[in-house]
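Since the structure of chain P is already known, use the hints to place chain H on it.
Below, each chain spelled out in residue letters.
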Amino acid sequence: MTTLATTTARIAEAATPLDGRLPVAPLLERVRAGREFGPNVYSTVDVLWVLYDRILRVTPATADHPDRDRFLLSKGHAVAGYYAVLAAKGFVPPDWLDDQGGPESRLGDHPDRTLVPGVEIGSGSLGHGLGLAVGSALGLRAQGLLEPRVYVLLGDAELDEGSNHEAIAYAGTAGLGNLTAIVVDNSSATHGWPGGVANRFTVNGWTAATVDGRDHAALHTALTGHHGHRPHLVVAVVESGEQP
Amino acid sequence: MRESFVDTTTTLLAEDPRTALVLADISAAAFAPAAERHPDRVLNVGIREQLMLGVAGGLALTGLRPIVHSYAPFLVERAYEQIKLDLDHQGVHAVLVSVGASYDRAAAGRTHLSPADVALLDTLAGWTVHAPGHPAEVPGLLRAAVAADTSAYLRLSSAHNERPHAGDGALVVMRDAGAGAPLLIAVGPMLDAALAAVADLPVTVAYTHRPRPFDTAGLRALAGTEVILVEPYLAGTSVRLVSTALADRPHRLLALGVGREELRRYGSAEDHTRWHGLDAAGLRRSLTGFLSPARV
Numbered sequence: 001m002t003t004l005a006t007t008t009a010r011i012a013e014a015a016t017p018l019d020g021r022l023p024v025a026p027l028l029e030r031v032r033a034g035r036e037f038g039p040n041v042y043s044t045v046d047v048l049w050v051l052y053d054r055i056l057r058v059t060p061a062t063a064d065h066p067d068r069d070r071f072l073l074s075k076g077h078a079v080a081g082y083y084a085v086l087a088a089k090g091f092v093p094p095d096w097l098d099d100q101g102g103p104e105s106r107l108g109d110h111p112d113r114t115l116v117p118g119v120e121i122g123s124g125s126l127g128h129g130l131g132l133a134v135g136s137a138l139g140l141r142a143q144g145l146l147e148p149r150v151y152v153l154l155g156d157a158e159l160d161e162g163s164n165h166e167a168i169a170y171a172g173t174a175g176l177g178n179l180t181a182i183v184v185d186n187s188s189a190t191h192g193w194p195g196g197v198a199n200r201f202t203v204n205g206w207t208a209a210t211v212d213g214r215d216h217a218a219l220h221t222a223l224t225g226h227h228g229h230r231p232h233l234v235v236a237v238v239e240s241g242e243q244p
Numbered sequence: 001m002r003e004s005f006v007d008t009t010t011t012l013l014a015e016d017p018r019t020a021l022v023l024a025d026i027s028a029a030a031f032a033p034a035a036e037r038h039p040d041r042v043l044n045v046g047i048r049e050q051l052m053l054g055v056a057g058g059l060a061l062t063g064l065r066p067i068v069h070s071y072a073p074f075l076v077e078r079a080y081e082q083i084k085l086d087l088d089h090q091g092v093h094a095v096l097v098s099v100g101a102s103y104d105r106a107a108a109g110r111t112h113l114s115p116a117d118v119a120l121l122d123t124l125a126g127w128t129v130h131a132p133g134h135p136a137e138v139p140g141l142l143r144a145a146v147a148a149d150t151s152a153y154l155r156l157s158s159a160h161n162e163r164p165h166a167g168d169g170a171l172v173v174m175r176d177a178g179a180g181a182p183l184l185i186a187v188g189p190m191l192d193a194a195l196a197a198v199a200d201l202p203v204t205v206a207y208t209h210r211p212r213p214f215d216t217a218g219l220r221a222l223a224g225t226e227v228i229l230v231e232p233y234l235a236g237t238s239v240r241l242v243s244t245a246l247a248d249r250p251h252r253l254l255a256l257g258v259g260r261e262e263l264r265r266y267g268s269a270e271d272h273t274r275w276h277g278l279d280a281a282g283l284r285r286s287l288t289g290f291l292s293p294a295r296v
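Protein chains in written order, with the numbering used here: chain P, 1 to 244; chain H, 1 to 296.
Hints listed in this document are in silico derivations from the structure and should not be mistaken for laboratory results.
Treat the hints with caution; some may be incorrect.
Simulated restraints, written as ranges between beta carbons of each label pair [said to hold, decoys possible]:
1. H:A147 <-> P:D99: 49 to 55 Å
2. P:T202 <-> H:A14: 37 to 43 Å
3. H:S158 <-> P:G225: 24 to 30 Å
4. P:E239 <-> H:T216: 57 to 63 Å
5. P:G38 <-> H:S243: 44 to 50 Å
Which residues of chain P face chain H? A partial, calculated answer using Cβ under 7 Å [to be verified]:
6. S125
7. H128
8. L132
9. V134
10. R141
11. A142
12. H165
13. E166
With the C-beta cut set under 8 Å, the calculated list includes, among others, these residues of chain P facing chain H [as the list claims (entries may be wrong)]:
14. H110
15. R113
16. L115
17. P117
18. I121
19. S136
20. L140
21. H226
Beta carbons: idealized from backbone N, C-alpha and C, even for Gly.
With the rest of the complex left out, here is chain P (with noise of 0.2 Å):
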C-alpha cells in the first residue's frame, strides 16, 4: 500500500544520495499539497533538474538578457516539477509555490511566461513549444547571437500534434544547430512510435541520443551532446507510471 508518507518518503529517500537534487523535493511537496500527481510530473522532474543545474546558462540575474539560453516547458502540464525547479534556482520566491493554482497565485496548472519569472514561454495546448522554440532559435541566429541555445521539452504523446513534425523537418532542412529537443518518453503515445521517437528527428537532419530519464550523468553527456550545425535530440526514456 502506497501511502502519501510512504510516497514522500520515497522522493526524499530518491533525492538524497544526488548531489544538488535535495533542495527540489521538499519544494515539490509543497507544489503538491497533499495532491496526487500522475506520473508526468515525477517522470520530467530529473531532466529539468540536470538542465537547470547544469546545462542552462541562466540565472534569475540574466532571465532577460539576450545571450541567455532559453528553456522552453512545451509540456505544459509537467509544471510541478518546473515550478519546483524554479523555486530552487531562486527564479520564483518558495512561498508562491505553496498556493499553486489559486485565485490570486501566479502558478497555474500550465505556466504563463507574462507571470512567472524564468518561464520562457506559456503552454499548456500541446504541440505549440517546438514552433516557438525553431523560432527563437532563428531569432538568436539572425540577430548574431550564436552563444545561447534554446532548448524546449516535450513529451512522447505530445508528438501526436502535427505541427511538431512541421517544426521537426524544418529545423532539420534549416540546420539549426542552435536548438536541443528533449521528449521525455513515457510510453504515453495511445499509438505509440514504431521504432522509435529519435527516427522521427534522426531522418530529418538530427542527431540524437537516447538516454535514461533518471540517470543525471547520462542526462548531463546526451544534453551536452550536440555538435556541429545540426538541431539536437536527446530522448530521456523513463517508465511508464513509475512513481519515485
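Here is chain H on its own, set in the frame of chain P:
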C-alpha cells in the same frame, strides 16, 4: 496590392535589421531577391502554416518584428490557435499580411475563400485591422503597422477603389448629406460601389481602411438615426462595435457584406460581388428597403 506589399516589405527588411519575414511558400518567388540579401530574416518554412506562426512567435520572443504572409484562409483560419497562443498568449506581436481576401480567388472555390477572417480576429484582443481600398494605401499602412509594437492584420485584396484615400483610419466623410442624414460607412474596397449606390440619395458616406480599432468617436459624431455598414468581409462583422458605440441612442442599423452561406459557385470576383449584393445595384436594393418608406 501584393506587389505594393512585396516592394514595401523588401525595403523595410533593408532599412531595419529588426524586421523579419515568415512565409509558407506563398509569394516566395516574389521575395527571392530579399531572401538572397537577408537569408537569416526572410524565412520560408514551406507549406507549414502552424510553423509559420510559431516561428513568428519565437522570432518576436527574441526581439524581432515578424511580418507573416500567406493566403487569408491559411494565414488566419488554419493557424488560428497559433495566432491566439504563439503570439497573443506569449505577449508578443506580429504583422500579418494576407492576400486572397473574401472571394478574390472565386474560381478556386471554398478552400481559398476567407470572408470570416476579420470576424475571427475579433475574437482576440488588441488587433489592428487594415483593409486598404487601393494599392497606393498599402505602403503607408504597412510601414505604420511594422513601426508600431502591437499586432496588426493587413487584408490585401485584388478589389480596389479607383483612387486611394489617405488618412490614419479615422472615418473620413466622402459625401456629406447634412446633419441627421443616414450614415453609410464603407470599408476599404467597398467605397466606390457604395458611393455609386447612393448617388441620388440623401446619405452621408464615410470611409475607413482601418476597421479595427473602429473609429467609434467618429461614428458617434457622424451618425444620426440610421447607420449602414458596407464591409468587404462577412456581413455583420462590425455590428457589435457599432451597436455598443450607439447603445445610448435609438438607432437602426443595416449591415451589408459577404453572406455566410457557401454558394458553391465559381466564376469571377465580380460575379460574387453581385451574388452577395455588394455591387452598386445590389447595395441600392438593400438601402432602398432599409430607408423606405421614411426617406426613399
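- Message: Need the list of violated hint numbers for this structure, in ascending order.
- Response: 1, 3, 12, 14, 16, 17, 21
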